[in-house]
Every structure is written in C-alpha cells, then in structure tokens.
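Spelled out from the first residue to the last, the chains are:
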Amino acid sequence: MSVYEKLQALNITLPAVVLPDTADVMYAQSGNTVYLSGHLAKKDGKIWVGQLGKDITTEEAKLAARGIAIELIATLQAAGGGDLKRVERIVKLMSLVNSIGDFTEQHLVTNSASELIDEVFGEQGKHARSAYGVAQLSLGACVEIEMIAEIEWSAQFWWRR
Amino acid sequence: MSVYEKLQALNITLPAVVLPDTADVMYAQSGNTVYLSGHLAKKDGKIWVGQLGKDITTEEAKLAARGIAIELIATLQAAGGGDLKRVERIVKLMSLVNSIGDFTEQHLVTNSASELIDEVFGEQGKHARSAYGVAQLSLGACVEIEMIAEIEWSAQFWWRR
Amino acid sequence: MSVYEKLQALNITLPAVVLPDTADVMYAQSGNTVYLSGHLAKKDGKIWVGQLGKDITTEEAKLAARGIAIELIATLQAAGGGDLKRVERIVKLMSLVNSIGDFTEQHLVTNSASELIDEVFGEQGKHARSAYGVAQLSLGACVEIEMIAEIEWSAQFWWRR
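Chains as they are written, first to last, in the working numbering: chain P, 59 to 219; chain B, 59 to 219; chain E, 59 to 219.
Just chain P, same shape as in the assembly (with noise of 0.2 Å):
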C-alpha cells in the first residue's frame, strides 16, 4: 500500500497547510533533509491548552501528540511539493510535552504520534526521539512536535546546485 492509501485507510484526510509569511517559517529544506518547526497541539482548530499531570490526561494528550503528527504529515505534503511519495525516511521527532514536575509519561504521550507515522510510512517511518517534559509551550498548548525528514534526492536538485 502507498501512503496515500494508507492515509485513506486509516480514514485520515490531510488538513489544508496555511504557510505564514513570518520570519520563521512551517519548514525550511537544506539538501534532501527537511526541518519542520514545532508544530502545536490543535482541538476544533485552536490551541489544545493543558498542562499534564495538572489539567489533562496522558490519554488526551496521545489524541492531541497524534493530532499533531497528521498536522506534521500535512506540513511534510507541503515541502515535498505536494507529493508524500518523495520522503525517503522520517529521521526524527522531538516531542515536547508541557508538563508540571512529577509527571513522567512523556513516553507515552509521544507514541501515539510515533506510532501513526510507523503505520502511514511503514519502514521508512522508523525514527529516531526525544521526548521530555518541558515547563511551558507556547500559547499554553499542551503538546509541540517538530520533525526531521528526508526527501529524495532529485536528480533536478543536484544538478541546480
């Protein structure tokens, strides 16, 4: 199966990817890695607010860690032209995970969203992790994950350097 038709078997449907004219910037590409920023938790499209261990449970933060990783998805989408066929490999997630001191399931959280990119990428979507507890995100959300990715290495691209 492709991870097109995985995507569809899993009945995951890709959100539009808005990219902000800002000085940072949803991905930046160097050769055939692609770095993509920390992407926020989102509920009903707006930040997913909560500390864990205070104010929300490792179980929804694993629906938002997930949540996050169709929105990485969608944002990889983006810098492969439009076209999930050309990553070679998912390298890397470090997952943030806004959480108050004696909280120690970071783990846990994080692999729902390591688990959702093995099953749309298969081989290709073993990556290496860090996952830990941090004292505060953004906005308040209670999770952020940014990703490490590579992309073919197109012939196109070798040539223009």
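Hints may be right or wrong, so weigh each one.
Identical chains blur together in the list; that is why a pair holds if it fits in one copy or across any two.
What the hints assert, rightly or not - In silico EDC-like pairs for lysine to aspartate or glutamate, Cα to Cα no more than 20 Å straight-line:
id	residue 1	residue 2
1	Lys184	Asp79
2	Lys184	Glu146
3	Lys112	Asp160
4	Lys184	Glu173
5	Lys104	Asp160
6	Lys143	Glu129
7	Lys64	Glu146
8	Lys104	Glu129
9	Lys120	Asp102
10	Lys100	Asp160
11	Lys64	Asp141
12	Lys100	Glu129
13	Lys120	Glu173
14	Lys184	Glu63
15	Lys101	Asp113
16	Lys143	Glu181
Just so you know, the hints here were simulated from the structure itself, not pulled from any lab data. Predicted model, so just to flag it, every value in this text is computed and none were measured.
Using the hints, position chains B and E against chain P.
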C-alpha cells in the same frame, strides 16, 4: 544589499568570537551543515539572568533574544571562515526560554531573534523553529538559542573528502 | 591510539545494544548523518531517577551523564555497522537535565559526557552542544542526552542510493 550592508544599516557591529578549547565547542560542521551550540543571553558581557513570569518581562527577554541572534551571526561568520556571504540558508532555530509554569509567550520572546535574522538574511533567513519554556538554563540565563545553518558547498570541500 | 585503544585505556567496556522493534528506534541515518535518540540515565541497568536541585547532586548526575555517553558510543558503534572507526565526527549533543527551578549547573552535569567523548574521539569528538533544565523526563530519569554524528561517506552507500 549584502548581509554586511544590512548589518551596517541596522547599526550592528558583530562581537569578537572567542572559541574556547573545550570538549564542546561553539559550532561543528558536517558536510555543508553547521550546528551552532546553544548561546546564552548576555547583558554588558555577563550572563543575563532571569526567569520569565517571575523576574524578567517579555519585552526585556526580547532584547535578550535579539542579542543572542547577533552573537549567533558572529559565530556563523567564524564558521564560514570569516565570510557571512558563504551562508546559504539559516535552517533552524531552537529557542529555550527560562519560564515558570504559567508563562506562555515563548514565541513572542523568540520573534525578536527570528525577525533580526530575517532583516539581515532576507529570503535566506527564513527558518524552521521551535521555541518553548524550559525549567532552568545554565548559569540562570533567561534565554538560550541554538542554530542550524547551511554553508556554501565549495568544490574545495567536496574534493577534500 | 585508536578509539578502541582509548576505550580500553579508560577501562570502558561498551554495553550490548538492544535495538527494540518499536515505531521509534535507537538511531536513524540520513545520508552520512546519524541521529541517536535521547538516551536515559541508568544505574545498575535501571532508570536512574532523580531531579537536580531536589534529590540528586551535581556530582551524582555527572556520573549519570558519563554513563549515558558510554551508552551513546555503544549505539553509535551499532549505527556504524559495528565499527566505531567509521565515525568521522561527533557533531552535536543535546543534554536534558531534570531540574527544579533554581538549579543552574546543567553545563557542569553535561561536561562529564562531553569530556568522555573528547577523551575517546579526540579532535573528532569536538561537538556543538545545548544543555538545559527540563521540567521532567520520561520515567523520572535524571538526565537524557541525544547525539548527532557523522559516519564515513562510503562509496557503497553512495552507489546504493
């Protein structure tokens, strides 16, 4: 305008870079990617101490972040063999904002660094970014920022490999 | 002295590496860059639990960070097809120190990891670094460190692409 003309127009003089002889260094290059170590905020040559939400304001921390951006550009110049024109792209910033648990303006603090880089490097300055609240920083600094940049792929480098 | 002779001189035996069959893996390679996942501090084979400034000292955490460096080198050996001599450069460390709000010696904790890498790899071990205080780590670990390294660009790899 070149990068140097823009720096001059902004009335910015790059500080001298001291490269310490330690196990960890100010930057490391791999291929045409340069990784800059986390740079701590400074005021009058000393670490700028403070925690957001407690004893330093967003406006003050924005000045601190802008100052770090200038330090990063100075280190980048050293990495580029003394010539910022060899910088192809500012790829990514990671901004660590020393925050107590209810401060949620990490993105605003970091914007001042992103915007300076945008002013100096233009399109080549558009970067991916993560900005978040950490529990504490080395020596109590209020902000720490690290950078990934792409340096010109020189024929000299290529053949040396 | 080779890397292996240095390890022997330091009386260090690399631990066996278990590569779990999960969505996130111990390392991922892209081109000649290897990204190692965040490795948690261990003591006697179990997670070394503790928070700096509260229930573990800087001296203890330095031992923990040194132990992580050894684990990272073992994973790097696995990434290099069993041969550390294929490592061209230790490029970057990111060190997460589990800290309460007034602990500011994250750099001292991390130095023990940086210094071991310096002892083992010499000039090739000089790395960029960020070290900072996080609110909490998975399973309560006191320190977590991730690594980026450069592996030999083999002709075999090149032609396989």
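Hints, one by one, checked against the model:
1. For a Cα distance limit of 20 Å, the shortest separation of Lys184 from Asp79 across copies, 9 Å, qualifies, whereas the shortest one inside one copy, 32 Å, does not.
2. In the homo-oligomer, the alpha carbons of Lys184 and Glu146 lie at most 20 Å apart inside one protomer (11 Å), although the nearest pairing across protomers, at 24 Å, exceeds that limit.
3. Proximity of Lys112 to Asp160 under the C-alpha cut-off of 20 Å is found in both arrangements, the shortest distances being 10 Å within a copy and 12 Å between copies.
4. With identical chains, the CA atoms of Lys184 and Glu173 are at most 20 Å apart within one copy only, with a shortest distance of 9 Å there and 31 Å across copies.
5. When the C-alpha separation of Lys104 and Asp160 is checked against a cutoff of 20 Å, the pair qualifies only between copies, where the shortest distance is 19 Å, while the shortest distance within a copy is 27 Å.
6. For the homomeric pair Lys143 and Glu129, the shortest alpha-carbon distance inside one copy (17 Å) is at most 20 Å, but the shortest distance between copies (35 Å) is not.
7. In this assembly of identical chains, the alpha carbons of Lys64 and Glu146 lie at most 20 Å apart only when taken from the same copy (16 Å versus 37 Å across copies).
8. Taking the shortest Cα distances, Lys104 and Glu129 sit within 20 Å of each other inside one copy (13 Å), while across copies they are farther apart (35 Å).
9. Within a single copy, Lys120 and Asp102 get their C-alpha atoms as close as 16 Å, which meets the 20 Å cut-off; across copies the closest is 31 Å, which misses it.
10. For the identical chains of this complex, Lys100 and Asp160 are inter-copy neighbours only, at 19 Å across copies versus 24 Å inside a copy, given an alpha-carbon limit of 20 Å.
11. Taking the shortest Cα distances, Lys64 and Asp141 sit within 20 Å of each other inside one copy (14 Å), while across copies they are farther apart (37 Å).
12. In this homomeric assembly, Lys100 and Glu129 come within 20 Å of each other (Cα to Cα) only inside a single copy, at 9 Å, whereas the closest approach across copies is 34 Å.
13. Within a single copy, Lys120 and Glu173 get their C-alpha atoms as close as 11 Å, which meets the 20 Å cut-off; across copies the closest is 33 Å, which misses it.
14. Taking the closest pair of Cα atoms, Lys184 and Glu63 come within 20 Å of each other only inside a single copy of the chain (19 Å); across copies the shortest separation is 33 Å, beyond that limit.
15. In this homomeric assembly, Lys101 and Asp113 come within 20 Å of each other (Cα to Cα) only inside a single copy, at 15 Å, whereas the closest approach across copies is 32 Å.
16. Only within a single protomer do Lys143 and Glu181 lie at most 20 Å apart by alpha-carbon distance; the minimum there is 14 Å, versus 27 Å between protomers.
Comparing the model with each numbered hint stated earlier shows that all of them hold.
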